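Visitor: Relying on the hints, combine the two individually framed chains into one complex.
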Amino acid sequence: MGPSLLLYTLRRLVQAVPLVFVIILINFALIHAAPGDPIDFLLGSSDATEEYIAQLRAEFGLDRPLPEQLLAYLGKMLSFDLGYSLRFREQVLTLILSRLPATLLLMGTALVVASLLGILLGAVAARRPYSATDNVATLAALAGYSMPVFWLGQIMLLVFALHLAMFPTQGMMSLRAPREGLGMVLDVAHHLVLPVATYSVYHLALVFRLTRVKMQETLALDFITTARAKGLPEGRVVYRHALRNAMLPVVTVIGLNFGFMLAGSVLTETVFAWPGTGRLLFDAIQARDYPLLMGLFTVLSVMVILANVLTDVIYALIDPRVVYR
Amino acid sequence: MTKLSRRDLMAAGAATLAVPGPVLAQGTPRRGGTLILAIEGEPATLTSHLATDTPAMMVANNLFNALVLLNEKLEPVPDLATSWTVSPDGRAYAFELAQNVRWHDGRPLTAADVEFTFNEIVAKLHPRAGSWWPNVESAKATGPHSFEFRLKQPFAPFLTMLGSVLSSGALIMPKHVYENTDARTNPANQRPIGSGPFTFSRWQRGSFIELNRNATYFKPNRPYLDRLVFQVSSDPAARLLAFERGEIDFLHWYIVPYDRIGRLRTDRRFRLYQKGDAAATNGLMLINHRHDRLKDAKVRQALAHAINRETINQRGLFGEAKVAKSHVGSTIAWAFTDRFDYAFDPAKANALLDEAGFRRGADGRRFPLRLFWASGRDYEGRGAEIIRDNLRDVGVDVTVQVFDRTSFTDRVFRQWDFDLAMQLFTTGPDPTVSVTPRYHTNAIRRAPFVNGMGYSNPEVDALFDREPTITDPAQRAQAWHDIQRILMRDLPALPLFELPPIHAASARFADVVTGPQGYIENRENAYELR
Chain A
1 MGPSLLLYTL
11 RRLVQAVPLV
21 FVIILINFAL
31 IHAAPGDPID
41 FLLGSSDATE
51 EYIAQLRAEF
61 GLDRPLPEQL
71 LAYLGKMLSF
81 DLGYSLRFRE
91 QVLTLILSRL
101 PATLLLMGTA
111 LVVASLLGIL
121 LGAVAARRPY
131 SATDNVATLA
141 ALAGYSMPVF
151 WLGQIMLLVF
161 ALHLAMFPTQ
171 GMMSLRAPRE
181 GLGMVLDVAH
191 HLVLPVATYS
201 VYHLALVFRL
211 TRVKMQETLA
221 LDFITTARAK
231 GLPEGRVVYR
241 HALRNAMLPV
251 VTVIGLNFGF
261 MLAGSVLTET
271 VFAWPGTGRL
281 LFDAIQARDY
291 PLLMGLFTVL
301 SVMVILANVL
311 TDVIYALIDP
321 RVVYR
Chain B
1 MTKLSRRDLM
11 AAGAATLAVP
21 GPVLAQGTPR
31 RGGTLILAIE
41 GEPATLTSHL
51 ATDTPAMMVA
61 NNLFNALVLL
71 NEKLEPVPDL
81 ATSWTVSPDG
91 RAYAFELAQN
101 VRWHDGRPLT
111 AADVEFTFNE
121 IVAKLHPRAG
131 SWWPNVESAK
141 ATGPHSFEFR
151 LKQPFAPFLT
161 MLGSVLSSGA
171 LIMPKHVYEN
181 TDARTNPANQ
191 RPIGSGPFTF
201 SRWQRGSFIE
211 LNRNATYFKP
221 NRPYLDRLVF
231 QVSSDPAARL
241 LAFERGEIDF
251 LHWYIVPYDR
261 IGRLRTDRRF
271 RLYQKGDAAA
281 TNGLMLINHR
291 HDRLKDAKVR
301 QALAHAINRE
311 TINQRGLFGE
321 AKVAKSHVGS
331 TIAWAFTDRF
341 DYAFDPAKAN
351 ALLDEAGFRR
361 GADGRRFPLR
371 LFWASGRDYE
381 GRGAEIIRDN
391 LRDVGVDVTV
401 QVFDRTSFTD
411 RVFRQWDFDL
421 AMQLFTTGPD
431 PTVSVTPRYH
441 TNAIRRAPFV
451 NGMGYSNPEV
461 DALFDREPTI
471 TDPAQRAQAW
481 HDIQRILMRD
491 LPALPLFELP
501 PIHAASARFA
511 DVVTGPQGYI
521 ENRENAYELR
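Residue numbers (this note's numbering), protein chains in the order written: chain A, 1 to 325; chain B, 1 to 530.
So that you can see chain B by itself, here it is in the shape it has in the complex (with noise of 0.2 Å):
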């Protein structure tokens, strides 16, 4: 034993030493290398068709290709597809698919496979398809390469949404492993066989998910590594050792502490990303319409006026994130306006509270209220503290309750039992789908994540309906920009801060996440430098 440490210790000195240097040769790409990356908790399957969860898509999108993906400015490029054509009436989409594409067990990738995938899978069991799936009037295969989408009226985030795994779960699965099987109990979920840039190797369960490079992948040189390994890791703190230790190579922005992200930034063994913008987040403030005093507008603007947002991204989120001034967010620029925020204004605050009738009694209090927040994210329950002691001061007297994920989901999106709760919204890729379904009148569902808030405003649901059809870019923009001023006054929920997502990854590795899918893209890419 004694003598193992030692070697060890001696190891460990020796990588100090490694440490790359403040020039940081990018150089060419090259072959080799072992990535390691921490998912927080351990997925149900490898497949990306039953679920929505960060671990499964981390994984599945390194087994599997899209049609398409996204870039930057979240437009889409090609993944499988290498080509395609949208017709003038925006109806129907077709695609022209790489002619080289092999499954892992050697079998060809056609438009069959893309044809059963969208029909007798994403269709029936994707937890998403509800929201974009009624659209589409038909999927077929045109040629053995080549596939057609026909729409049932135009869908302006059609592409989008195909090149947002998350949104749509849209991995194309091969036809001839799930033909006549139960899609939902296939062995081949937890074992998949797959098209994309690495393949499946093993499944340690609770331990880790190892995956090998795809030595005959479609893409020309990729991918660069040899080996990836998904290390289940679910304690935040031993988590973030073992990455400064350099035993985990990739922390995901949601599991990289803000606390600590300013030393990580000065510290030269590690490189931070910030990309990701299609699953760009808010952290918002869930407003009950149905509490007999939240009901009145004056009240709920009021309450806009007297929480003190900046402060909540100072002391909640160290200043790492940004406040949000409005229900889409920042980074979606074409559909974004700030002109309808709330400037911090308590004075502004008490004077509508007295307008709305509720004036302070003797003790200074106006009414209670109840702000339930789920731990996890410690931002969150120190944002409650500072919104406690805001309201405070408006005289509105404030209970800062905590419970676990699930109990939290429970009580606010099921019995609708909250005043006040704090929440996150994903805003990208395009508000149609991450924004319309939180505040349209039949997302009053008691479903998670959906209006438990019991927002209702005919106008709003009409400009939601008509959107997505709007074609012309300029138009649709309008559109979005009489939503927002329509929900920031109304306030279903107060936009508080929009997360930024800011990846940890060692710097031993290069173009560890390259596009807006950021956390859960593919890692083709990505190479170690030596």
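So here's chain A without its partners, still in its complex pose (with noise of 0.2 Å):
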């Protein structure tokens, strides 16, 4: 990494900081515009009398007046205080952190295994457009971008789990019988094999699909044919001139698709049981639990701007020909 590259990168993180700050004014207003009163949710089935609902009110600060409780939040950010969980009465950060690492072994784990998987695909199905091997794997490309996520880890689940008892169902270890050390990382990665799978379906066919029309597009250019002209063999002309070319819209999409990824991953994880942020996303929208919600919005938002300066500065590393200034 160059120095301008490093001076880009920290330019662009600066840059990012009145973003994280527009982004929380937005979701402050979403959050709070929603129907729904925290209260409700947290008293439950019980018929408690207006005291007590009046405590609970100034307990968590909901008495304030909403501008108010903008700016204790936001002065209360700055000294990265996220606030109490109504919910779950715990600090937010120290909630967000426990479910954080769940999330990230999924994701990342799916993101390795879909990208690439999907342009190692992509380059072998490029070789021969329109071929049996191109037309069944763009079909189920096809098949795979289209599945809703719920449906295929409901299905996923059925046939893998219920029917051929292959995987577990539930959770990220076996709890009838806690394994330690070796044992617990391969029964941990035994429970992750389900959700990866679901959850990569549709970044992989994402990435083939662009993977494949790129390569073909590349494979079709002036240099490869001098390439092959210059006698090279052919798998050195498609996986080193024609695959680095290609794959650089490639990443670009992989990083944007960073964003989306964190969105699914509250109805894989709701599905699986996995104890990651995304279901606590989904207790926190069912509860109205405004300072969890806060929190998980900034910190998720702050991820998807910490990958997309991430993946400029992967670009620069495969593209030589990008300056950056």
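Derived from the structure by calculation, the hints contain no laboratory data. The structure presented is a predicted model; accordingly, all values stated were derived computationally and were not measured. Take every hint as true, because none was put in to throw you off.
Quick list of in silico lysine to any residue cross-link-like pairs, SDA-like style, CA-CA up to 25 Å:
1) A:Lys76 - A:Phe60
2) B:Lys124 - A:Ala58
3) B:Lys124 - B:Gln153
4) A:Lys76 - B:Asn186
5) B:Lys175 - A:Glu90
6) B:Lys140 - B:Asp182
7) B:Lys295 - B:Glu459
8) B:Lys175 - A:Glu59
9) B:Lys124 - B:Pro144
10) B:Lys124 - A:Arg64
11) B:Lys73 - B:Gln274
12) B:Lys124 - A:Arg89
13) B:Lys295 - B:Ile486
14) B:Lys124 - A:Phe60
15) A:Lys76 - B:Arg184
16) B:Lys124 - A:Asp63
Guide: Here's what the structure looks like:
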């Protein structure tokens, strides 16, 4: 990484600060505009007295005017205090940090698997367009691209967990016989298979389709003809010369997709009882847990922004032509 | 990976062979085993003093004890209290506590803990304290292991109330842990030190809560199980799959889908328990008494005649429920009467609507109504569709609208912006605590699950106020019959169905549910069959 790239990265990060601020304002407005009252959820089915409800409101600062609540929130954010969850009665930051590793594990694995497999399959399919292999792969990708995540998750469970009994249905580890050390790693990996498969299908299909099209375009360009004319082996032409060029837009899309994957984690984590931030978000919405929702949206927004910056950096690393100023 | 899955396949095959045969030998309870229970959401705390949600109560009851519990007939039986006496005037309740109870950290549990719990925690913090605590004059330790309540006036359901932890929140908490702290934020709320049959082990956020056997529990030979694990599982379909695959051993009643009960009943791998009358629940259709058509009693009675509640039971709940014939649950046998119920009679409904002056227009319609329900309980949605069809037949044009639960609660109980709404209300363990707070005039408040219908009748209010002070059971039952006569005539809500509390457990375990608390009771009696 040259000094100009480092400067560019820093500048992008500084530029992101006002962006995060605007995101917080928008989130605050949206969350408070939604109908419903967190107090109703907290009370559950109980018949609480007026005094008790007022006491709860005061405890969580919900009795104060909205602008005042917003100012108090922004003030606390400066010291990385994301507030106190109404639903879970716990510090928001503690809650999010306790759930983030599970989501990162699931999403990271899915992202890597889907990207590598998608690029590889795309390149293979592009070598013989409209062949039987290509047609089957393209059709499968279309199906994968169109399938709703929650439905696919249920089907995966029915087939691989219930009927074939190959994988567990729920959670991150076996509860009946907890294991330690390597046994635990294998246990988590075993639990990871179905959610990762479900989670990566859409992404895999997207990367495959894009790689295939870009490879086809690139393979028709003059420099490929030149490379072939030089007598380079076909494998080298396809994977070194063509793929490296075709991958540039693919990298952009993978980076942009990060946000969509975070959104998809809500459904996947709910179906597979995966203890990550997606399900935490689901619980927070149900409970109208304002501080937790704000905290989650802010942390997730920051992650998306970071992913975008990272995408640009990777772009520079694989494309020497890109000059950053 | 291939190796792993093949081994798993073999394990699954072996498990199929090991399914218990038709002879379910109960045998003598044995030590050992892990019971995995599903909870539909993650609780906020593992104590009962701030919560009324099922997941929190399911865990807390295993970590703590109450003074008394309830038996099948909803009568009090010993838990921490070994015996008790009630004074002849019905105003003093004296308890003797077990002497050998220790907190999980080894300290002895005494009457000082009980005194602290009621005065400093339950009275000040429990969401439902308002429904019974105002009757208490004093709650005092009268010795190291004796304790006394004095009431301002007789309160007939007092012991039932104490025994129904969901209603009173009255699990005894350790004074030495909570004294001089803010009990709302005390870290022990998430890592409790209790006295119960199981001790807190760990809480993997978003995933599971693990409890271990309390080896020094004060009840001899209890508990049998080594471990309890509460698995957070919020997706209904996936949860059911996990249960059928044997990853989860217990589903409590309202997370067992009614359309699957028939199948689970015939599957020998599972055992169904129908117990839990302390939390008996009715499905009702709330009627907004402020609506300019619905404020006419004849119109409300017409709706009652027009709706086929047996169809709702058959098609909405697959015949697993019972038609509700009163605002009091039929399982509260001493109070319940079905004398004032309505027959399904569309002709009568038409006649009543004509009489009320709402004749059919040229298009056959009389007037429109909106019927709301909250997503999450499919049978309420199916019920709403059936009601729409039934009411259309008598010329009432119903639009069904669904909201997410929090929006629904806001709309119905805070904005009062509804005509008809589907809602569940508990009817157990005693109507004073479950029925009165819904229909009393003083319950017309902008708060969840109270009298959002705006129903007010001074005659029934007077009965509500007088009834708990009646110490003669027969007279008190008569008062409740009078109340039901008025409620069924006035119809603040139309009772639709009684939900049966059917729990599903793996047949590898016995006595998972033994009492009327059903789903939230402690598992000190449960054991694994081998």
